[in-house]
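Colleague: Turn these sequences into a full structure, and let the hints guide you.
Residue numbers (my numbering), protein chains in the order written: chain A, 1 to 218; chain B, 1 to 218.
The hints are all genuine.
Mimicking DSS-like on lysine-lysine, the simulated pairs with C-alpha atoms at most 27 Å apart in a straight line are:
#  : chain 1 : residue 1 : chain 2 : residue 2
1  : B       : Lys191    : B       : Lys150
2  : A       : Lys191    : A       : Lys148
3  : B       : Lys66     : B       : Lys56
4  : B       : Lys212    : A       : Lys91
5  : B       : Lys212    : A       : Lys150
6  : B       : Lys191    : A       : Lys56
7  : A       : Lys212    : B       : Lys56
8  : B       : Lys91     : B       : Lys191
9  : A       : Lys212    : B       : Lys191
10 : A       : Lys91     : A       : Lys150
11 : A       : Lys191    : A       : Lys91
12 : A       : Lys191    : B       : Lys56
13 : A       : Lys148    : A       : Lys91
14 : B       : Lys212    : A       : Lys148
15 : B       : Lys150    : B       : Lys91
16 : A       : Lys191    : B       : Lys212
17 : A       : Lys150    : A       : Lys191
18 : B       : Lys91     : B       : Lys148
19 : B       : Lys212    : A       : Lys56
20 : B       : Lys91     : A       : Lys212
21 : A       : Lys56     : A       : Lys66
22 : B       : Lys191    : B       : Lys148
23 : A       : Lys212    : B       : Lys148
24 : B       : Lys150    : A       : Lys212
These aren't lab readings, by the way, just hints derived from the structure by calculation.
2 protein chains.
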Amino acid sequence: MQNNKTITQVEVPEVVVQRLPIYVRILSQLLESHIEIISSHQLGELLQITPAQIRKDLSYFGRFGKQGRGYNIQFLLDELRQILGIDRAWKACLIGLGRLGRAIINYPGFSPEGFEIVAAFDNNVAQYNSNLGTITVQSMDEIAHTVKEKNISIGIVAVPSNQAQSVIDTLVESGITGILNYAPIAPFAPKHIVMRNIDPVLSLQSMTFYMKENDEIN
Amino acid sequence: MQNNKTITQVEVPEVVVQRLPIYVRILSQLLESHIEIISSHQLGELLQITPAQIRKDLSYFGRFGKQGRGYNIQFLLDELRQILGIDRAWKACLIGLGRLGRAIINYPGFSPEGFEIVAAFDNNVAQYNSNLGTITVQSMDEIAHTVKEKNISIGIVAVPSNQAQSVIDTLVESGITGILNYAPIAPFAPKHIVMRNIDPVLSLQSMTFYMKENDEIN
DNA sequence: TTAAATTGCCAAAATAATTTACAATGCAAG
DNA sequence: CTTGCATTGTAAATTATTTTGGCAATTTAA
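Modeller: See below:
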C-alpha cells in the first residue's frame, strides 16, 4: 500500500463522505417544512448521531454555522451539495434491461437528484424498445461510442452476473469514471473508477449474523 | 454510548461480518469450478484483500485451515454459512407492491440463498393480486397478524417514503427483528432491530464526491 | 528426511474514527 | 450596553480498527 495522501490536504474519511448525502436529505426535508435554522444537537437527534460528530464532519470542509445559533439550512445545503458535486446534473447510462433494468429505468428517484439516464443498452434490442419514453435501447456494441458521444460519466450495471465483469471492463475502457453495480459479484476495476455495489442478498446475509443470536432465545 | 461489549467475548467488527458473505459467494463459485482447496493468498488475490486480513477475519470464529495446505473450500463454506446464520431458511414479507415491490418479489436471487418471501402487503390489494404466484396480497392491517402467524422474521420495506417509517414501526411491533429498507429515508428503529438500507441515490451522491475531482481535469 | 508452503496467532505499529472539552462567539432579554 | 445562555469549531484525548511483521507448528511433496 503506497501513501498517496502526502499532498498537503487532510484526507476526508470515507465514512464522512457517506454521511454527507444523509445530511443533505434531512436538511432538504427540514427546508420543505419551512425550518430555517438547526443546531448540531437537533440534527443529531434526527439522525441518531452525536452533535460532535456532525460538527466534526462539517469541519473537514469549512465553517458553516454560527455560534450560539446553529446552521442556516439553506446555506448549509447549498454548500454540501457543492462539496458532494450534486449541485449539477450527471449523465448516466443503463446496461441491461431485464426486470431489474426496467425497474431502474422507471425509478422516479434519480432525476430529481440530478442523475439522468440518457442511454440504455441491451443485446436484445428489439424486445425492450417499447415503454421507455425518449430513450432508445442500443446494442451493447455501441456502449463505447455512445458514452463518448454523449459524455456520459456514470454506468449503471444491471446485467446477469456472468456478463457483469465484461460490461464493467467495457465501461471503463469507454472512459466512464463511476459505476453503480447491481450484479451480485465482487467487481474488479482500476483504482480511479468509483464503484458502488447494490446487493440486497449481501445485506440480508450480514443481517442474519446478528439475528440468529436473538433467535436462539425463542 | 454505553459499552455493551464487556461480556467476555471479543466483539467481531462489523466490517468483518460484512466481508463474510463475500467470502461465501466467492467460495461457492470456486466450488462450482470444482476447486477444492484454496490458500489465503489465492483468496486474497481474487478479492483484492491481503492474505493476513483474511486469516485474521476467520480467526474471530475458529480455525478452518490446514498449515502448509490452505482451506478446504466445502468445509470453510459450511462453517461460514453457519456463522452467518444462512445455513437455514429465513422467512420474509414484502410491504409495498408498486414498481419496486414487484421487481423485488420477482427477483430470483433471494430464494436460492434461503430468503423466502412468504407474504406481501399493500393497501391497494385488488390491483396487485395477479401475477404473484402463490402469494396473496394482503391489506397492511394484517401485517401484525400474519407476521406472527407465519413466524416471519424479516420485513422488506418498499413503500413510498412518507409511509415507510410507519410501516417500520408496525413491523417492529409485530415482532420482526430484521428490516431491509428500500425507502429513501433515515429510518428509526430500536437497537435490537437489524436494519439494512438499499439506497441507490445515496450511493450515487457519495460517488460524485470522488468523481467531481477527476472531472475538473477535463 | 528435508525443504517449501501455509495456517493461526500474537504483538506492535499505523491509521482512522469518535468523543471530550472548552475558548470564542453570537443572540436575546432586560 | 451588559449579562447569561446557546452553540460552533477545533485541539487533544480516547477508542476502535486495520495492517504489518514475524514465527512456531504443521502439512505436503520430493
